[in-house]
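Below are the chains, spelled out letter by letter.
Number of protein chains: 2
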Amino acid sequence: MDVQLEKLKFDSNGLIPAIVQDLKTREVLMMAWMNREALDRTIETGKTHFYSRSRGKQWLKGESSGHVQHVKSIRTDCDADVLLVQVEQVGAACHDGYYSCFYREHQPQGEWKIVGRKVFDPKEVYKGG
Amino acid sequence: MDVQLEKLKFDSNGLIPAIVQDLKTREVLMMAWMNREALDRTIETGKTHFYSRSRGKQWLKGESSGHVQHVKSIRTDCDADVLLVQVEQVGAACHDGYYSCFYREHQPQGEWKIVGRKVFDPKEVYKGG
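Residue numbers (the working numbering), protein chains in the order written: chain A, 1 to 129; chain B, 130 to 258.
Treat the hints as calculated values from the structure; they're not laboratory data. Don't be surprised by glycine CBs; every beta carbon is placed ideally from N, CA and C. One or more of the hints may lead you astray.
Away from chain B, derived, C-beta distances all over 10 Å, residues of chain A [stated by the list, open to error]: (1) Phe10; (2) Glu37; (3) Gly62; (4) Glu63; (5) Ser65; (6) Ser73; (7) Gly110; (8) Lys118; (9) Val119; (10) Tyr126.
Cβ-to-Cβ under 10 Å is the rule here; a few derived chain A residues that face chain B [said to hold, decoys possible]: (11) Val3; (12) Leu5; (13) Gln21; (14) Trp59; (15) Ser100; (16) Asp121.
All chains, full assembly: derive it from the sequences and hints.
What follows is the structure in structure tokens.
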């Protein structure tokens, strides 16, 4: 039993937000939700697992694309209700083909501007899937 | 009216998670929640504002400590349901005195280890408050 995990505060749905950061570039790659099982699996396997609220099930990041995230550290914040997971990203984090999911930036006027770098073509990676 | 903000997906409580990252060091400093009003105020003033779920009201980050965050960019992710705010941090982000709120790291065995750097003594900064 991992007593450290007993201190974490999962919300009323049993979930905790997990921010994923690239260890090398220090880019924030994505945020997703973990339940206790996804966190256990992440620690066990060294690859990030999350809980999909829309699909109602656990998933391994990269299960269809191969773009897994190798976990290098797991931190928590002062309230113990958010996780920060530092990873080595294989491929890219975003299913839209960008390295980071945060690829759009707010502008003083106008529209969200694409500022992220595109790494792959989603049509190629997810074909047939 | 800022049409960009119409595209954001606030949750059923009218909230969106906002990850705050230090622009210079690229450390992830904290995560807190914004409602639409807190986001509008953040954009207007150039200082981060959040919505406190426990206190049921908006707050300016640094209102008691003076440790405000000057906003340099606001990004959103592929699903438009999370924000990434890059800031210049005055003082430190964490009310426990650490530069980042994510100052504890999970260990293979044992207990959460303090890995963050302490910047101030909370007893001094919040005295009388």
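Hints versus structure:
1. Phe10: holds, 15 Å
2. Glu37: For Glu37(A), whose nearest Cβ neighbour in chain B is about 16 Å away, the distance exceeds 10 Å, so it holds.
3. Gly62: holds, 15 Å
4. Glu63: holds, 17 Å
5. Ser65: holds, 13 Å
6. Ser73: violated, 6 Å
7. Gly110: The assertion about Gly110(A) is violated, with a minimum of 8 Å to chain B.
8. Lys118: Fine: 12 Å to the nearest Cβ keeps Lys118(A) off the interface.
9. Val119: holds, 13 Å
10. Tyr126: It holds; Tyr126(A) is separated from chain B by about 14 Å at its closest Cβ, greater than 10 Å.
11. Val3: holds, 7 Å
12. Leu5: Holds, about 8 Å.
13. Gln21: Check passed: Cβ of Gln21(A) comes within 6 Å of chain B, closer than 10 Å.
14. Trp59: Violated, because the Cβ-Cβ distance from Trp59(A) to chain B comes to roughly 15 Å (cut-off 10 Å).
15. Ser100: Given a least distance of 8 Å, the restraint on Ser100(A) holds.
16. Asp121: This hint is violated: Asp121(A) lies away from chain B, its Cβ roughly 15 Å from the closest one there, beyond 10 Å.
Going down the numbered hints, you'll see the structure goes against 6, 7, 14 and 16, while the others check out.
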